[in-house]
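Note that this note's numbering has the sequence shown beginning at 57, numbered continuously upward.
With a straight-line cut-off of 27 Å between C-alpha atoms, the simulated DSS-like cross-links for lysine-lysine are:
(1) K133 x K250
(2) K185 x K250
(3) K233 x K133
(4) K186 x K137
(5) K250 x K186
(6) K137 x K233
Derived by calculation from the structure, the hints in this document are not laboratory data. Just so we're clear, the structure is a prediction, and the values are computed from it rather than from any experiment.
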Amino acid sequence: MAEQAVKTAKPVKKPTKKPIKKKRESGMFTQALAYFIVFLAFYIVITLFVGGLIIYSFNDTAKNTEIYSIGIVYGEKTLHKIDAQDANNEYGLYIPFSYLTEIGSFGIAGSGDDVTLFIIGTDNRIECKKNSSLIVINDNPIRISAPILYQNDEYMIPVVLLENYINGIDVTYDDEKMVCSVASDIGKTNVALKLLLPDEMEKSYFPDSYKYYTDVSDTSGN
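Work out the full structure: start from the sequences and follow the hints.
Okay, structure coming up:
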């Protein structure tokens, strides 16, 4: 009977262990995926925030208490007033070229995209392209921080050009009233560009004695 019990007894199977490596790999993949999702969400938020700031900076119109209006002054008389909303855009302060001609002897020549602004009675000139910040002042190429614009059949001149490159036009700022004054004296005779035409090279001078020479090929001694 004991032998029969031994023969009929089924062998006991040992429990098999599940592989741990696959669990670890699966956990690492899930963790990496979670990090990637968090990073992607953070990146999208930052991108939208920066994009929103850029759009806001180009489309926001500040109030008069935050930006300057402009007064065009000739002598002691204010000829024109430009409110802050019309004087400012995303590039800065601007005045119409026609207003500038009332306080200085300025003229304009050319048509289309290429024009020349000049001071009447002088050789001073500014060559510019419509809606471009690259200008040529008396043959000196300059890139200013704001372009010369063309709007409503009028060239718009950035105040920064008047401040930095034109003598005889005074640009002052009243921080209390938030007014920028663009002014000149009566007579308009002292207006000139700060960058002058390059001086021409002087011709070399040779005394008359240099005009006479001995023919070195003559070996006769004559």
